[in-house]
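> Given the coordinates of chain A, work out where chain B should sit on it, guided by the hints.
2 protein chains.
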Amino acid sequence: MGSKFSLLTDLYEFTMAQIYVEKGMEEEAVFEFFVRPDGKRAYYVMAGTQELLEVLDDFCFGEDEIAYLEQSGEFSQKFLDYLRDFRFSGDVWGMVEGEVFLGGEPVVSVRAPLPQAQLVETILINTLQHPILVATKAARCMSVAEGTTLVDFGLRRAHGKDAGMRAARSSYIAGFAGTSNMLAGKEYGIPVFGTMAHSFIMAHEREEEAFERFMRRYPNNSILLVDTYDTIEGTKKAIEVSKRLGIPLRGVRLDSGDIQSLAPKVRRMLDSAGLDEALILVSGGVDEFVIADLLAKDVPIDAWGVGTKLVVSEDLPSLDCAYKLVEYKGKPRFKKSKGKVTLPMQKQIKREWDEQGLFKEDVVEMMEAMPEGLLQKVMEKGKICYRDSLDQIRERVAKRLSHLPSHMLELQPAKPTLPRLGPKLKTLAKELGILS
Amino acid sequence: MGSKFSLLTDLYEFTMAQIYVEKGMEEEAVFEFFVRPDGKRAYYVMAGTQELLEVLDDFCFGEDEIAYLEQSGEFSQKFLDYLRDFRFSGDVWGMVEGEVFLGGEPVVSVRAPLPQAQLVETILINTLQHPILVATKAARCMSVAEGTTLVDFGLRRAHGKDAGMRAARSSYIAGFAGTSNMLAGKEYGIPVFGTMAHSFIMAHEREEEAFERFMRRYPNNSILLVDTYDTIEGTKKAIEVSKRLGIPLRGVRLDSGDIQSLAPKVRRMLDSAGLDEALILVSGGVDEFVIADLLAKDVPIDAWGVGTKLVVSEDLPSLDCAYKLVEYKGKPRFKKSKGKVTLPMQKQIKREWDEQGLFKEDVVEMMEAMPEGLLQKVMEKGKICYRDSLDQIRERVAKRLSHLPSHMLELQPAKPTLPRLGPKLKTLAKELGILS
Chain A
5 MGSKFSLLTD LYEFTMAQIY VEKGMEEEAV FEFFVRPDGK RAYYVMAGTQ
55 ELLEVLDDFC FGEDEIAYLE QSGEFSQKFL DYLRDFRFSG DVWGMVEGEV
105 FLGGEPVVSV RAPLPQAQLV ETILINTLQH PILVATKAAR CMSVAEGTTL
155 VDFGLRRAHG KDAGMRAARS SYIAGFAGTS NMLAGKEYGI PVFGTMAHSF
205 IMAHEREEEA FERFMRRYPN NSILLVDTYD TIEGTKKAIE VSKRLGIPLR
255 GVRLDSGDIQ SLAPKVRRML DSAGLDEALI LVSGGVDEFV IADLLAKDVP
305 IDAWGVGTKL VVSEDLPSLD CAYKLVEYKG KPRFKKSKGK VTLPMQKQIK
355 REWDEQGLFK EDVVEMMEAM PEGLLQKVME KGKICYRDSL DQIRERVAKR
405 LSHLPSHMLE LQPAKPTLPR LGPKLKTLAK ELGILS
Chain B
5 MGSKFSLLTD LYEFTMAQIY VEKGMEEEAV FEFFVRPDGK RAYYVMAGTQ
55 ELLEVLDDFC FGEDEIAYLE QSGEFSQKFL DYLRDFRFSG DVWGMVEGEV
105 FLGGEPVVSV RAPLPQAQLV ETILINTLQH PILVATKAAR CMSVAEGTTL
155 VDFGLRRAHG KDAGMRAARS SYIAGFAGTS NMLAGKEYGI PVFGTMAHSF
205 IMAHEREEEA FERFMRRYPN NSILLVDTYD TIEGTKKAIE VSKRLGIPLR
255 GVRLDSGDIQ SLAPKVRRML DSAGLDEALI LVSGGVDEFV IADLLAKDVP
305 IDAWGVGTKL VVSEDLPSLD CAYKLVEYKG KPRFKKSKGK VTLPMQKQIK
355 REWDEQGLFK EDVVEMMEAM PEGLLQKVME KGKICYRDSL DQIRERVAKR
405 LSHLPSHMLE LQPAKPTLPR LGPKLKTLAK ELGILS
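Which chain is which? The protein sequence lines are A and B, in order.
Here this note's numbering is used: the first sequence runs in plain steps of one and ends on residue 440.
Here this note's numbering is used: the second sequence runs in plain steps of one and ends on residue 440.
If we strip away everything but chain A, and leave its shape as in the complex, we get (with noise of 0.2 angstroms):
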């Protein structure tokens, strides 16, 4: 049996790394996955690191995979042999999950044969970028959301399955509260929420029955969407059901109209009803701009559904990321390409920290001259040697983003936070014409 994803691959992997077989070139390369800083993120935060882990454990090529390479004609005996006995065998260095970082600075480094190293680059930009973009997008929301409650209510929206999966469990590691997703629940074990959808409301006859089987069935937990025909018509409605039946209501959503105008009438009318618990949570295209612009303004929310903004990382929707070739044979690698240089040999980060304890800055340094920082061995010859709990995870992001100066909290950056670069990696890059 083949891995499920081995062939997930663009096929220039496989027609460089045939060269690389059949010519010898299997000694050690490094190569280095960071990504390029965008002028719309002040930070990344790290997610997908053991994601990444398993799959690069379970990379392997079945008879059936096989089969699909040699009908094209394009590949030898000899590489497909080499294929049939694939395991990848490298060590690879990483950020934690749950690590702050920087723009340009390597996250994660690969040191394997060379054809290894090449033949995992697509899939390991796949299993990371996504990752990374909603765990970011979410810390920016829970950097302003002033200890209102955050769910994730994306997964309809999501790019695909998985792209489901990775956003629950990226918010999650973010500081949400949890997902509407039930299957990151069971896979994670994630908190799972819910209110209910217009269909349930627009399915009876009149409102006020749907809220009162909601409310009879599920007395502790019904959150009522109230903007089906009328959101302070609904709010009325939802209270008199909640006199009515003696419950006190969890809450009520708006996903509809002028939040601003609306969630201080709803909450006046909850509060002179004597519901002061009851929540207002809302949905609909929110993401961290909305969230600091309502917050700002004192409008009354104790709770945010975020969806599509947030999965699809709706500002941002993808990074500007790659996977660098820096060391081969023990030597210096590095590109030139307009706009796109790439600095050899492999590194490490140390960060810096202030007197009050807040970020300073990150230094950048070839690994030979700085062993020890925040890129950690998490893989040796292929055997998977990090593995953090989801909530070790969760409350590292928490420490970091606390402890992120402001200029680095503003949503919109003035400026990129970018690494220095350490003396003996400038050095380097001026002996070889990288820097001037």
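Worth flagging that the hints you see were computed from the coordinates, not collected in a lab.
Check the hints yourself; a few may be wrong.
In this list, chains with the same sequence are indistinguishable; a pair is considered to hold if it fits within one copy or across any two.
[Stated by the list, open to error] Subject to a maximum C-alpha distance of 20 angstroms in a straight line, what follows is the list of computed EDC-like cross-link-like pairs (lysine to aspartate or glutamate):
no. : residue 1 : residue 2
1   : Lys385    : Asp61
2   : Lys27     : Glu209
3   : Lys430    : Glu376
4   : Lys342    : Glu237
5   : Lys385    : Glu32
6   : Lys344    : Glu237
7   : Lys190    : Glu74
8   : Lys27     : Glu212
9   : Lys434    : Asp234
10  : Lys403    : Asp366
11  : Lys8      : Glu55
12  : Lys8      : Glu191
13  : Lys27     : Glu213
14  : Lys240    : Asp262
15  : Lys340    : Asp234
16  : Lys344    : Asp234
17  : Lys44     : Asp319
18  : Lys335    : Glu212
19  : Lys340    : Glu237
20  : Lys44     : Glu318
21  : Lys335    : Glu213
22  : Lys247    : Glu212
23  : Lys8      : Asp166
24  : Lys340    : Asp262
25  : Lys333    : Glu32
26  : Lys247    : Glu237
Relative to chain A, chain B alone:
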């Protein structure tokens, strides 16, 4: 064995469905899936229908899923038994894949007992949205490609594994020549293309050595990446190697720099060397706007690797799409939420053409008044009754695009093209106070 994805569903689908089942609300309901107009697309391309039917066909719950639901304490034995026996037995109407459609018109409708139609909501939206997004983006690229060749290079930056698969399939049906994704090649029979990465150049001591090795190994199929150090110097070397080996270059790839100024220089160099047949392939940040811009300036480009911006649909990373109850127990259902009004009753679409055979308008009418139209029965009593080959779908897209009027082919449409409401639907909407 349950389906792998029946729990990949929002919790509220289950809490609502439980009430429906316990209260005997199992009469027939009709839900419709549609995309709200967004100002960025004049038309959309239907995709994902077949995957959706497979998902519905496979939607069931195994003991593992039941056990998870049971331990949550929210679900009764009656409902769990209902889920144990669950098979989707409804009728589904849909647009066939490759059909062009407008914002605001239904493209899939589900008629099934209420709890069934409700439970499939989340996975239905998840399954349709991304394929439509990418097929539409790819069609826009094709509509400005002027006969140049487009290839999907987006796998690495897709939001997950299945997003990469869907992107390859959706761009192929929209007219792309193929993909870099090997698994899509294997699973869908799509042509697979590849060039080489910068790492291949960097792993050799000299650029020309890398070129020579690649051309010797793949004499009929070498598209050399020339921008690792300097595009003009790289092109010179590629030409020298081609001459020395006596093997005509298949092409060069430009992945960085000012393409508008570089491509004509590279073209002249190739032509002067007698390599008129050599392609120039451009990659890196390509989308319909880049293609249209460079071709309008007569920049000599033969082929494009379209990656990230395609697979995440960068300028529109999500559709404002919904699945709404329109009919229950034969009676009209609708909502009036601000900005999110829905029209009641199951609908059908009739397309009108002008004298030149170009798209004129779509009329949306109640299905009972207009049974025949663009929505056809694709599933009957839970049995799939629609299947097109990828090539049929691909031909359909090409034909439809060739029959769109110029105002719908504008990349930035001045105003959305909306469907017209048929007289019966209009009258009903007025009677119900939804339209004035």
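> How would you classify Lys335 and Glu213 at a CA-CA limit of 20 angstroms: within, between, both, or neither?
between (74 angstroms within a copy, 17 angstroms between copies)
> Using 20 angstroms as the alpha-carbon threshold, which applies to Lys27 and Glu213: within, between, both, or neither?
This pair counts as between: shortest inter-copy Cα distance 12 angstroms, intra-copy 75 angstroms.
> Reference check for the pair Lys340 and Glu237, CA-CA at most 20 angstroms: within, between, both, or neither?
The answer is between: 12 angstroms across copies meets 20 angstroms, while 64 angstroms in one copy does not.
> Classify it for me, Lys8 with Asp166: is the Cα-Cα distance of at most 20 angstroms met within a copy, between copies, both or neither?
Answer is both: 14 angstroms inside a copy and 12 angstroms across each meet the 20 angstroms cutoff.
> My question is about Lys27 and Glu212: at a cut-off of 20 angstroms on alpha-carbon distance, are they close within one copy, between copies, both, or neither?
between (75 angstroms within a copy, 16 angstroms between copies)
> Is it within, between, both or neither when you check Lys8 against Glu55 at 20 angstroms Cα-Cα?
both (14 angstroms within a copy, 19 angstroms between copies)
> One pair to classify: Lys385 and Asp61, alpha carbons no more than 20 angstroms apart. Within, between, both, or neither?
within (10 angstroms within a copy, 43 angstroms between copies)
> Reference check for the pair Lys342 and Glu237, CA-CA at most 20 angstroms: within, between, both, or neither?
between (60 angstroms within a copy, 13 angstroms between copies)
> Given a CA cutoff of 20 angstroms, do Lys27 and Glu209 count as a within-copy pair, a between-copy pair, both, or neither?
between (74 angstroms within a copy, 14 angstroms between copies)
> If the cut is 20 angstroms between Cα atoms, do Lys44 and Glu318 qualify within a copy, between copies, both or neither?
Both, since 12 angstroms and 15 angstroms are each at most 20 angstroms.
> Given identical chains, is Lys240 near Asp262, meaning Cα to Cα at most 20 angstroms, within a copy, between copies, both, or neither?
Result: close within a single copy only, 18 angstroms intra versus 61 angstroms inter.
> Between copies, within a copy, both or neither: which fits Lys247 and Glu212 at Cα up to 20 angstroms?
within (12 angstroms within a copy, 82 angstroms between copies)
This entry satisfies every hint, going by the numbered hints stated previously.
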